[in-house]
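Engineer: Chains as they are written, first to last, in our numbering: chain H, 1 to 299; chain W, 300 to 598.
Read the hints as simulated data drawn from the structure, not as lab findings.
For glycine and all other residues, C-beta sits at the position ideal for the given N, C-alpha and C.
Among the hints, a few may not be true.
In silico contact screen, one side only, chain W against chain H (beta carbon under 10 Å); selected entries [claimed, not checked]: (1) 386; (2) 387; (3) 388; (4) 449; (5) 486; (6) 490; (7) 513; (8) 525; (9) 555; (10) 598.
Protein chains: 2
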Amino acid sequence: MVDVIVIGTIGIDDIKTPFGDMKNLLGGSAVYASHAASFFAKAGMVSIAGEDLPVEHKELLEKKGICLKGVEFKGKNFRWAGSYEFDMNEAKTLETGLNSLLDFDPKLPDEYRNAKYVLLGNIDPTLQLKVIEQLREPELILLDTMNFWIDTKKDDLMKVIKKVDVLLLNDGEARQLFDTVSLVKCGQQALHLGPKYVIIKKGEHGALLFSDGKHFNAPGYPLEVLKDPTGCGDSFAGGFIGYIAKTKDISEPNLRKAIIYGSTIASFNAEDFSLEKQKQISIDDIENRFKEFREFREF
Amino acid sequence: MVDVIVIGTIGIDDIKTPFGDMKNLLGGSAVYASHAASFFAKAGMVSIAGEDLPVEHKELLEKKGICLKGVEFKGKNFRWAGSYEFDMNEAKTLETGLNSLLDFDPKLPDEYRNAKYVLLGNIDPTLQLKVIEQLREPELILLDTMNFWIDTKKDDLMKVIKKVDVLLLNDGEARQLFDTVSLVKCGQQALHLGPKYVIIKKGEHGALLFSDGKHFNAPGYPLEVLKDPTGCGDSFAGGFIGYIAKTKDISEPNLRKAIIYGSTIASFNAEDFSLEKQKQISIDDIENRFKEFREFREF
Chain H
1 MVDVIVIGTI GIDDIKTPFG DMKNLLGGSA VYASHAASFF AKAGMVSIAG
51 EDLPVEHKEL LEKKGICLKG VEFKGKNFRW AGSYEFDMNE AKTLETGLNS
101 LLDFDPKLPD EYRNAKYVLL GNIDPTLQLK VIEQLREPEL ILLDTMNFWI
151 DTKKDDLMKV IKKVDVLLLN DGEARQLFDT VSLVKCGQQA LHLGPKYVII
201 KKGEHGALLF SDGKHFNAPG YPLEVLKDPT GCGDSFAGGF IGYIAKTKDI
251 SEPNLRKAII YGSTIASFNA EDFSLEKQKQ ISIDDIENRF KEFREFREF
Chain W
300 MVDVIVIGTI GIDDIKTPFG DMKNLLGGSA VYASHAASFF AKAGMVSIAG
350 EDLPVEHKEL LEKKGICLKG VEFKGKNFRW AGSYEFDMNE AKTLETGLNS
400 LLDFDPKLPD EYRNAKYVLL GNIDPTLQLK VIEQLREPEL ILLDTMNFWI
450 DTKKDDLMKV IKKVDVLLLN DGEARQLFDT VSLVKCGQQA LHLGPKYVII
500 KKGEHGALLF SDGKHFNAPG YPLEVLKDPT GCGDSFAGGF IGYIAKTKDI
550 SEPNLRKAII YGSTIASFNA EDFSLEKQKQ ISIDDIENRF KEFREFREF
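Sequences are here, hints too, so could you generate the full structure?
Structural biologist: Okay, structure coming up:
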């Protein structure tokens with residue numbers, strides 16, 4: 001039995017930042033998100049991987065207790081190569097090899113269909129819709145997306161947005177989708193599309209939570225070392241949904257806490273490539289950083 | 300007897316934003332800052348104005364209880380014309396008429412020289428230095444500056460920075476001065492220059508306070524109406540120093556509160572042109588918004 005299911009990609013990444021030029025890293029939205037969720041709850045992945053996925057990558061996920069029953073292994077693995085400039089704000093995609101991802105048709109193992117907490121990680125919205133259709137009684141569905149889908153599959157994306165409880169966007173995506181610079185207006189417009197909650201991620205500046213008549217402003221963590229931002233958005237989403245699954249509380253005050261736990265894991269994630277840092281930290285490290293978040297926003 | 304003195308400009312501004320094209324507005328760094336400070340303490344201005352400054356502008360300041368003994372009236376007034384694009388992030392200067400500002404040689408009235416709380420508002424650092432030399436026993440000196448002085452008078456600016464207690468910069472200026480994108484590194488480097496506290500303003504994203512081993516993250520206010528950002532930085536600085544002067548407490552926890560009060564007045568200031576909004580609000584409005592700041596950052 002899994003507490004939370006995560007749909008997204010399993011990738012093999014080549015990543016270049018000012019701090020290194022790394023090859024064949026474990027990556028992908030489902031990987032980062034389910035690893036982050038696993039600090040709090042039993043996560044099951046829904047994804048497709050290649051038969052060439054290095055065995056140590058698979059072992060890393062299994063060691064973390066992540067259920068891979070929902071992962072199909074077929075052909076060559078999805079690959080992504082990207083680089084970051086000095087300001088680390090946005091990845092530049094150098095190469096994408098979709099490979100087996102082209103054949104991905106998500107089928108949920110029966111036990112996954114009872115999952116209460118669901119993260120639709122960054123992947124084609126058509127696939128996200130297929131997952132929603134297979135769910136029996138979800139309590140909370142969190143949708144993550146990205147500008148690529150806003151550009152290429154806006155209609156399908158809008159269908160997904162209508163069906164979810166929490167919409168997660170970064171600031172650039174929100175401004176693009178709602179054609180306004182004001183994030184407050186973006187948040188309000190997003191609520192009109194259906195979701196009960198809207199979270200706008202602002203990178204180093206933290207995140208905003210909008211819901212009916214309420215507003216929460218989550219601070220960013222003052223990171224001194226930022227080696228690779230890849231997967232931070234996914235880790236945020238995974239940490240968030242994992243904490244919700246652990247506490248089984250979808251009230252607004254608990255969503256605030258979940259945002260800080262998500263931010264905590266995302267901040268650790270940025271400190272090294274791939275899952276290097278995430279795999280070293282304990283729940284105590286997370287709790288300590290959560291306390292720091294409280295202290296540096298207190299007045 | 301004044302509690303806080305503010306050096307800066309008195310301007311007549313022409314300002315164009317997507318919400319209007321306004322002429323002959325009261326503006327200038329000393330005006331916005333001393334008006335904001337006056338919600339909390341008796342402020343005295345150190346500045347120069349033209350003999351052509353409209354009498355209603357002067358009356359507005361006097362009505363607020365601002366002491367103008369430190370203001371010289373001479374020749375034509377300093378004028379500035381600026382415009383903001385859709386994103387309201389940065390003013391584009393269309394025209395500057397320095398006029399009487401060219402003759403400004405700040406001489407503090409004797410009672411100003413005993414002031415404990417001093418705001419060196421945005422003006423030529425050579426003039427800021429002259430003010431410091433005339434002070435008898437300042438408790439806290441706050442320095443505000445801008446990219447123009449970093450570009451043109453960096454040596455003098457560095458001399459001022461060494462002599463102040465709190466350095467205030469916006470994020471762009473901090474990155475320019477310290478040649479790094481990391482605001483955490485900017486904050487740490489700025490502390491090495493002499494000030495005990497460094498505040499980095501991030502516009503809509505709030506502000507950061509750095510001091511020895513401590514970090515404070517102040518949220519931005521979720522403004523729905525933003526008509527004109529002119530003077531928000533000055534209003535922040537004025538509200539900050541005014542609150543410090545009122546409470547006579549320069550501890551780090553109290554500086555955190557001062558930052559929120561400064562943010563509160565700055566957020567009101569952005570809601571209309573010139574001092575139009577500031578002159579309508581009461582201390583109750585400020586206290587209510589301060590409470591909102593507490594509520595929307597709570598988790």
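Engineer: Evaluate each hint against the coordinates.
Structural biologist: Hint check results:
Checking residue 386 of chain W against chain H: minimum C-beta separation of about 5 Å stays under 10 Å; hint holds. Because the smallest distance between the Cβ of residue 387 of chain W and any Cβ of chain H comes to about 7 Å, under 10 Å, the interface hint for this residue holds. At its closest, the beta carbon of residue 388 of chain W sits 8 Å from a beta carbon of chain H; the interface hint therefore holds under the 10 Å criterion. Given the 10 Å rule on beta carbons, the hint for residue 449 of chain W is violated: about 19 Å separates it from the nearest Cβ of chain H.
Here the hint on residue 486 of chain W is kept, as its CB sits about 8 Å from the closest CB of chain H, short of 10 Å. At its closest, the beta carbon of residue 490 of chain W sits 13 Å from a beta carbon of chain H; the interface hint therefore is violated under the 10 Å criterion. Taking 10 Å as the C-beta cut-off, the interface hint given for residue 513 of chain W holds, the closest approach to chain H being about 8 Å. The beta carbon of residue 525 of chain W is positioned within 10 Å of a beta carbon in chain H (closest approach about 7 Å), and the interface hint is therefore held.
Annotation: residue 555 of chain W was flagged as interfacial toward chain H, and the flag holds, the nearest CB pair being 4 Å apart, inside 10 Å. A hinted interface residue such as residue 598 of chain W counts as satisfied when its beta carbon comes closer than 10 Å to some beta carbon of chain H; here the least separation is about 4 Å, so the hint holds.
Consistency with the previously given hints fails for numbers 4 and 6, ordered from lowest to highest.
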